[in-house]
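Student: So the sequences go chain by chain: H and Y.
The opening residue of the first sequence carries number 1 in the numbering used here; numbering runs sequentially from there.
The opening residue of the second sequence carries number 1001 in the numbering used here; numbering runs sequentially from there.
Nothing false has been slipped in among the hints.
EDC-like mimics (lysine to aspartate or glutamate), calculated; alpha carbons at most 20 Å apart, straight line: (1) H/Lys-35 x Y/Asp-1108; (2) H/Lys-324 x Y/Asp-1108; (3) H/Lys-245 x H/Asp-282; (4) H/Lys-318 x Y/Asp-1053; (5) H/Lys-324 x H/Asp-224; (6) H/Lys-269 x H/Glu-173; (7) H/Lys-35 x H/Glu-12; (8) H/Lys-171 x Y/Glu-1066; (9) H/Lys-245 x Y/Glu-1079; (10) H/Lys-318 x Y/Asp-1076; (11) H/Lys-284 x Y/Asp-1047; (12) H/Lys-115 x Y/Glu-1098; (13) H/Lys-284 x H/Glu-247; (14) H/Lys-318 x H/Asp-282; (15) H/Lys-171 x H/Asp-216; (16) H/Lys-318 x Y/Glu-1079.
Covered by chain Y, according to a simulated footprint, are these stretches of chain H (three or more residues, beta-carbon under 8 Å): (17) 32-41; (18) 58-68; (19) 86-100; (20) 173-187; (21) 313-327.
I should point out that these hints are in silico values taken from the structure, not numbers from a laboratory.
Glycine included, C-beta positions come from ideal geometry on N, C-alpha and C.
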Amino acid sequence: MNWQTKSSRRLEFVNFSGPFNTHGIDVISDPDSTKPAVYIFAVNHVPDPSTCAGSTTHQDCVWRSSSRVEVFHHILGSTTVSHVRSVAHPLISTPNDVLARDPYSFYVTNDYFYKEGPLRQLELMFWPARWSTTIFVEFQRDSPPSATDGVTAKVALEGLYNQNGLSRGRKGEIIIGRAGAGAVEIGHISAENDTISVVDTLYMDSTVDNPSYFTDPYADEMFDGSGYVIAGLARAIDILDTTTKPEALDGSMVWFIPTRPKDNRGVIKASDVTPRLIFEDDGKRLRFATTAVLVGIDPKLEGGQRWAWLFVTGLYSKAAVAVKVNLETFV
Amino acid sequence: MFNKSALLALLVAVLLGISAIGPHLQRYVRVAGVFRQPRNTLVPNADHLLYIDDTVHCEDISYHRESNQLFLACEDNPEGRFQWLPPVALFRNSSRAEHNRGSIHVIDPQVRRRKQTPSACRPSML
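With the rest of the complex left out, here is chain H (with noise of 0.2 Å):
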């Protein structure tokens, strides 16, 4: 059977030979390059010897992770991507998802106040626990002896449960995907001193976890396709037992909240329009969804239509799926 595929192309490293254990993701054109160019911002779980210190062998100990985020730069069009520094901070505690400010700050949330244990499930189950924080960091671009070396970092954003995925929305807008209690918030920045705070809330009927804002490039007077786009788990109950089985299903759910829809033209509050289910799936072609973006598609390609690609991914992905799906059926 013939199905068709999407390419992507592996970036090559330059100076950074890991180890590279994966997670958030962001990334911002660089603004000084003489060539079009980027910054990628990645979280990484990097396995810390120094705590199994005594121990010889993984056997005898697991290491855990001493979490960071690594700054690389790339050219547009190359097959490489430089690694600039790694950032660190006792902060950055329990990394998730990092959004970046300018080339020299982010934004990264900690997911859990406990890193394991018995606190940890606690505060896996219980949403009174509102132990989660959103950090802002700055640091310095020179090469660094060490991690933490010409890093400071600030608590943005605290008294939230399970504070995850971010991203940008709306024009000013920072958005947090609170997963275990299936809510986005949706905050500003403060240009005095950083902070984030929430303006308004949107409930999903799932766990969410990495947020989108759809920007539709090809938005006229007679139809705007922009809206938030949402990610979760059909069954996070399950997770429970799933996370250490390869051939488990964890079934995902995708979300819109179009912020122009057809029956109201003006600027509207998010949370007064109800989500749409734009995809769903068990789990078979497409396992733990955490991150959905819609790519516009020209109209002129499709006989005036508006039509868009829905890229999903997730954490247990065997590939990133794209759908394409008709706006004009969920705005």
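Please build the complex by placing chain Y on the supplied structure of chain H, with the hints as guidance.
Tutor: Same frame as chain H, but now just chain Y:
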């Protein structure tokens, strides 16, 4: 020990407590998907669902609008996360993680190609 008035007050307090937390419990159960049967979106047109090559266990995507490219952080190793994964507090064996080299991938949303495989067909819908 307890007179009727005290018992009645206790009953009312319990019912009020249940009614107060009831909506929260309902939402908790719904978000966790306790009674949900996962479903599949029908995609009858085979051209409308594509698999992306070489994107194993990619947890996140960042869309760079200026260049119209997608960047993914991928684990590449389909087994490692079931042995060592700090985000889910899983610490069984750190040996693979010590040497794991995940990768960063770039996708051009407009590029596609057709691929034939000798393995079992994967249906585009259920």
